[in-house]
Structures are given as structure tokens and as C-alpha cells.
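Q: The chain contents come next:
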Amino acid sequence: MEFDIVGKSTPLLDGLEKVTGRARYVTDIRMEGMLHGKILRSPHPHARIVKIDTSKAEKVSGVRGIITGFNVPQHKFGTMLQDWVILPNDKVRFVGDEVAAVAATSEAAALEALELIEVEYEVLPAVFDQEEAMSPDAPLLYEDKDDNIATTFQVERGDVDGAFAESDIIFEDDYETSQVYQAHLEPMAAVVAPADYDRLTLWLSTQVPSMSRLRYAEALGVCAEDLRIIKPHVGGGFGAKFEYKSHILAAVLARRTGLPVRMVNTRDEDFIAGNPRVPMKIRVKLGLKKDGAILAKDVRIIAGNGARTVYGPAITSTACYRIDSLYKVRNVRSVGYTVYTNMIPTSCFRGFGNAQMHFAMEQALDAICHENGLDPVEVRRINGVYPGYVSIHGWEIKSCALQECVDQAVEASGWYEKKKTLDKSGAKKRGIGMALCNHVSGNRPFYRPFDGSSALVRLTPEGKAIVFTGEADLGQGLNTAFAIIAAEAVGLPVKDVRTAAVDTDISPFGLGSFATRATTIGGRAVYEAAVNLKEQLVSHIAKVYDEKPENIKVRKGEVALEGKGETLPIFDVMQKVSFSLGGASLVGQGSYVPDTVLPDENKYGNVSPAYPFACHIAEVEVDTETGSVNIINYWAAHDVGRVLNQQALEGQVEGGVIMGAGWALMEEMIVKEGHLVNPKLHDYWLPTSMDTPIGKIHSIFLESVDPNGPFGAKGIGEPSLNPVAAAIANAIFDATGARIKKLPISPDKIVGALVNKKL
Amino acid sequence: MCTQNEIMFTAEAKESITFTLNNKEYTVPVVPGERLLDMLRNRLGLSGPKEGCGAGECGACTVIFNGINLNSCLIPAERADGAVITTIEGLSEGIEGDLDPVQQSFLDHGAVQCGYCTPGMVLSAKVFLDHNKSTPVTRPMIKEALSGNLCRCTGYQKIVDAVYACAPVKGDPEEEGEV
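Those sequence lines, one after another, are chains A and B. Anchor point for the first sequence: position 281 equals 292 in this note's numbering, and the numbering is continuous, going up by one each time. Anchor point for the second sequence: position 142 equals 144 in this note's numbering, and the numbering is continuous, going up by one each time.
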């Protein structure tokens, strides 16, 4: 199939306003009379609120509103569990927990008022480690519960014990993944203003405009229709920007004061009260035949939910069983506990639990191969899934180029040669490591009523198209991907198509950007809308020009009337068509509801319309004296279904690999007694340009052409990160013999391991 | 040329300050304690300099201040007196102006994703290129020049490529040494 736009490199269509600084983010919004909101946060990890006195704070000049748990309703709401209140009047449960919020005419006045709010606390014993929090004598976070276990996920299929009994190789080990911070450059932000008809308009930096609207309506006790959410440019999300408490506090203050309220996190607040990655302790037990075929898998996960539930339980269940669609294992048992602690609430971060499990599983396979003299490439080949495979949980793999990803990564990296020849003689040792990856493109259980998307594509009287979608571009290039899909399907130049900012008064409902779903599911809806538009266009042209529909071809913004032997610019044609309709635009509408299954109580059913796959290979150099690790080369072979935008796809892979390398080697939220020691970008080591092997991240794309994705495309956001930490860990092991099973793989751990092993 | 520290700590009290911003002269009253970033954003209506951390750690608020790239969140506004300042808005004039070659190169190379770091990143690149008009430029040099500007989206590869493409004299890639 020949494409005009799909598969080429299309620079981001909203790149111009970004390179000129004209792009407006929520943090750039200013309004007449706008108040500045600030949040008083708990200094204690666990304490009873005895009394809050705001009388001095109210006297500060410029203060317009103060809310506490004693003057807001106390109904419970939440994302997965009903454990949120607007502000608490009983207890604080983590350092950073919201205690009060102030709106004032200046930031300085708001900050002064915060200082003057007097809160009397009765400090309570606290628990920080998720495993300790499970113990019967641990302090209880929620007194109406019997223990701190928020949720337990369990699944068992096949004959697990029988399969272990039949296994030639039995392997068991423990892995631990860290709580890390998404570090989007734009902090969490909201501006909320009262609007006509007693409504509120919320400008949010969010991945989930439509879902936030539903949740905030519940929180505020209003109809969703009473809230209009607008999502302008977003400065990165990576999973952090879901439903968020400060948006709700800004809305309450806007309603109380009748004025616009701006609520933007400082970087410190973003660190201590954002929603970082769910930390997990993972025990993996695998049973294999002599040749490396996996017979049985038994997993136990203890995950830290933090002090209230965001999406922790869904992330734990994902870690428990999503990887069972990467390898053909038929006997599995998983139990995953998501446990309350007096720590920051944790949530989504690129990879959604699957990344955590990849760190464990892909290292376990590597260790098994090493201990049993097996070839890690071959073991992955014989276990890897294939097109048409249905997992033990009923997940249906349609397109799948996993084997090809392995082939290409192995060949491009010179794997077998490097395995033999990499220099391990000196203090600086080189090694090479591999990890495979699977993911979803949409996750049916995430929002129980449905998964799917709908879109509108409007063709104006000038022949330009505007895509309306509820799916959220966070900077990854989604708006450009949608424009590419619509332009290709209608037959327009991509420069004549733009995607409108999400505005819930205008845009169709869209679940949002998560689960690597937006390009696949949202993009398919855009495709359907564009096809619908094209049908209308052709039928109108047929009428206006008296031409047979089959003789009308629209391509690159030109309309060929083949019966008449004429070619006209779309501008001229649309002028005529539109005028014949009283000046109307043509509006194509399209929906895509994947043929997926909401997993039943046994967690059985196909959750996603498409599954992306990848094989990553890392080549590292480890300085055995200092423990520092340099990435020398990195190959990332991805089954993306179809390349929509080559350049943007490479950008996703390069960004995902470096983010994964940061998680693997550098990043750590250091917490002492519930207090984050390093809530600064300076002390939290984020990869800089100096940590990046420029020119050494090699993207390889395989096109398996998925039957459900738009033009066959599957998602890329999360797969680009999932296997990175394991690939690097395996390369470090290959280089040095040090097997680091707890993130981050910091220099002290490497040196410590080498000293202990006397390697 | 002076350092960020000299600019931060050698203030003297004045009622108003005069400076050149994006080729235009401004005189504005001093607001005690105000940061240059806040003056640019709140009083002069610019949106290009972004606040990412308020502590000089991310580079999103970078401006060109007397020829060097500095974090405007660390500079007291009154230190702008007599200074020549360029923000991203000064690289191309409004909607009608042509893009600076660095801006164009960022676009062409896919060096822009969410865009929040982009204004600062482009300005740091601009200063680096201005200081290396006749020096053979290598990618390791660019990495170092951009090390104060954080980007969480791109993994830096395409940013470095975009800047390298703008270098008038390019160093031998073979001699670039370790990555």
C-alpha cells in the first residue's frame, strides 16, 4: 500500500508555537481578577488533626478564601477506591497530604496566610515499607479497615504445582523496584474560573480530560455537564497527570470566591505530593524444561500504594499477569497486594506495573540461562508468543512481530560476536544484555463502562480539516499523529489538517492518554471519522459536479474528476460544496469500540485490541572501581504495527530508553521516616544530556500491520521503557558478574556486589 | 561577561530600571524581591521563559543575558538594569518573522516534543553556537553546553543533532571520542 504521509517524517504540527515560545500551557494562563491558590501540606507522615485555626490567616490582606476539612463536605470519592475526601478533618497520612488551601490576590499573600494557619496535630506511629505495613501490628492508615491491604489481586490458571513438579529447572528470586518521579518539566497545574450558568471552566494540565471531569463532578457534587475542561499544551505527563487533588481544591476555591484560581505546584510540591511510580517487591518462581521452555510461573508482589489510592491496584494487577502474553506459559499463579503506607500516594508511570515486572522477569530469564548454560536469545525465541496466540488469560494476539524484533536486534547489535569478544580484561568491563517486552494498546478494565473513542473531523469551506478528539496530546505528538491519519484517509496535505485542543464542551468523550492506547484506539476513531467525511465529500462532489462517485479521487488536496478529465484544488471544490449546503462544513463522525472483554471475576478476557512488542539490547561499560555505568550502544527493535511518523516514533523510543536508563541507574526518591530527602531536581538525578549516549540509541521498527490499529498502527509510549532497566541490568551482569536486583543500580550497589563476590 | 553569581549578588537599590529586551528598550519600576523571570512573565507578558523548578536546576527559564545563557529564576529583576536580554520571543519577530536557524533546526530534527524545555534549550544552543562560530563543533561539546537544560521527553539525541546541524564548522565525528 502506497502512502502519501503515513510512514514519512512529519515534524510536529504544533512545533512552531513551541520553538517560538508562543505555545500556551496552563501555567501561562493569566486572567483578570485571578487569585493564586496555595496548599498547606502535612509535615507529619501520620497524625490526627486536633484543631485548625485559620483566624490569623484570614486577616492577611488579599486573602479571599481558606478551606479546611472543617468547612468542606466530607463525602468520600476516589479513582479506584473511595478513599479521597476534598480535605480531611480526621487525619493526615503522608508528608505532603493536603490540610488546607488558600486563595489570595497574590502568591505572597497566599504563602503568608499558609504560615499563619495553626494546626494542632497529635502525631501517630507511621509505617513506610509496604511489607511492614502488612504486618498485623502495623499502624492502621484507615481505622475502618482491618488491615492496610487496599486490594489483593489473585489469579491461578492451569496446574501450577503439577507443572513445577514436571520442571527440570526451578528458579526463584526476589526483585525490588523503586518509587521514582515522572519529572514532567511542567509541574501539575490548574486554572479554574467560574463561568456562565453556574458552571466552572477548568484549564488542566492533564492526560485524562473526560475522566477528570467525571471524577471532579463527583467530588464537587455537581453534574459533569457543569464542568468544562480545556486541555491546552501539556508539558509532559508520563503517567503523573491523572485525577489530582489540587485541581479539586482550585475548583472549590473558585466556587467559594467567585473568582478564577490558579493552582500550580512548586517543584518541591510536585516531588512530595505528585503520584510517583508504584514501588514493588516481586518474588518470581519459574519452572522450565531443560531446553528453557517455561512451564510454570508463580509470582508474589507487594506494592506500595501510599496513603490513598490513585491507580495502584490496577498497576499491581498489571504487574501480576500482563507479561503472560509475552511468553507462552500455561500454568500461572499470581498474587499481588497493594498496601497502604504513610508515603506519597503512588500511581501511573510509563509502563504501569508491566515495566516493574519486566525488571524481574527479564533478569530471571537471564539468570536461568546463565546458570543452566542456555542461550538467552534461543530461550526467548522458543517461549515468545506469535500471531494468533491466545494467552492463558484469553488475551488474543493478532499482529505480532516479536520474533522479528529479536532477529533484527540480535543482528544489528552483533550479539553473538559481542558475547564472545567484548573486553572484560581491565577495570572497565563491557557487557551486553537483552530484554523482551510486551504491552497493550488500550486496557479494557481501566474504565469499567467501556474502552473506545470517538472523533469528529470537520472539513471547512476552504478545504482544511480540523480533528476533534477527547484524547490528550501531552507533547508526544498525538495531535500530529491524528492529523496524519485524517490527512491520509481524506486525501489532504498534512499541513492543512490540525487537531483542536481538547475542550469537553466541543470535543467528543475520550478516556485519555494512558495504556499506550491513544494512537491505536483514538487514532482508529479519527480514521473512521475521516473515512465517513470522505464518503460525504465524494457524494456531495458527485452532486455538485455531476460526476460518478467512482470517478472522484481526492489526493494531496486535489480532486480529480476522472470522468471529466479535470483536476481541481480542494479549496475550489469545497467552496462550491459548502455554498450548496448554505455554508456548512462537512463533519465526519467516527467511533471505535474495540472488540475487547471486560475481564470477569476470574480475570479472564481479551483486554486490548492490539499488543505491541519489542526486543531491546544494551551494551554497557562498567567501571568496576567506581561502579559507574556507561551505555555504549542501545538497540531498540519495536513492533509498532505501522510507522505513522518516523521521526516522532524515534523520539518516543529515544526518550523512553533514556527515561528507562534514568530509572535503572540514577533516579531515586530517598525517603527517611516518610520525609523525602531530595525533593529537588538538583538532588534527584535525572538524566541530562551528559548522561546520554548521543547517536547510540538505534531504533528499529517492524510493521506487523495490526488489523485494529489505524493503518495498522500500535502504540509506542510505554513499550519504549518497559524492558530498559532489565536490559541494562543484564548487560551489567554480563560485564561484571554482578546481578543487581534492586533499583536503582547505583555505583555503590555494583561495587558492593563485586566486593562481596570478590569478582 | 559575568557569572550568574556576580549577577545575583551585586545588587544596588534603584527605583526603576532600564534594559534592552528583544531589541526594544524598556524602563520599568523596581518591585523589591522580584525575580527576572516574574518580571518577564507577569509584567511584560512573555510566555517563552518557563518556570520548571524556580531553583536554577532545570533551565526552562533560560534567557540570554548580556550574551550568556542564565536561569532567569535566579536573577533579581533589578539586576537587569542596563542589560541586554533576549528571550525566545526575540529570536523571531512575532508570527510574521522568520525563524532563527536554531529554531528551524529543532523543528526539522524532531527535537521538540512537549515543548516546555524548548525555549530554554534553544537559547542555550544559540549562545553555544554564537561562541563557536569558527571552532569545530562536536557532539560532546554540545552535550556539555546543554547540560543545564533538562528535557524529559526526547532523550536529547535529536536536540544534539539539531544543534550540530547548525554549527558552521563541524568537528570530525571520528575524533568525537567517547559518547
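Bear in mind the hints are in silico, worked out from the structure with no lab data behind them. Just to be clear, a hint being listed does not mean it is correct.
Negatives, chain A to chain B, calculated, CB over 10 Å [stated by the list, open to error]: (1) Glu-187; (2) Thr-277; (3) Glu-558; (4) Lys-760.
Under 8 Å between C-beta atoms, here's a sample of chain A residues computed to sit facing chain B [said to hold, decoys possible]: (5) Pro-22; (6) Arg-33; (7) Tyr-36; (8) Ile-241; (9) Val-245; (10) Arg-278; (11) Leu-485; (12) Glu-577; (13) Leu-579; (14) Pro-580; (15) Thr-703; (16) Ile-708; (17) His-709.
In this text, a Cβ means the ideal position worked out from N, Cα and C, and glycines have one as well.
Q: None of the hints should be skipped; say for each whether it holds.
A: How the hints compare with the structure:
no.	hint	verdict
1	Glu-187	holds (24 Å)
2	Thr-277	violated (6 Å)
3	Glu-558	holds (39 Å)
4	Lys-760	holds (23 Å)
5	Pro-22	holds (5 Å)
6	Arg-33	holds (7 Å)
7	Tyr-36	holds (7 Å)
8	Ile-241	violated (17 Å)
9	Val-245	holds (7 Å)
10	Arg-278	holds (4 Å)
11	Leu-485	holds (6 Å)
12	Glu-577	violated (36 Å)
13	Leu-579	violated (30 Å)
14	Pro-580	violated (25 Å)
15	Thr-703	holds (4 Å)
16	Ile-708	holds (6 Å)
17	His-709	violated (10 Å)
Of the numbered hints given earlier, the model fails hints 2, 8, 12, 13, 14 and 17; all others are met.
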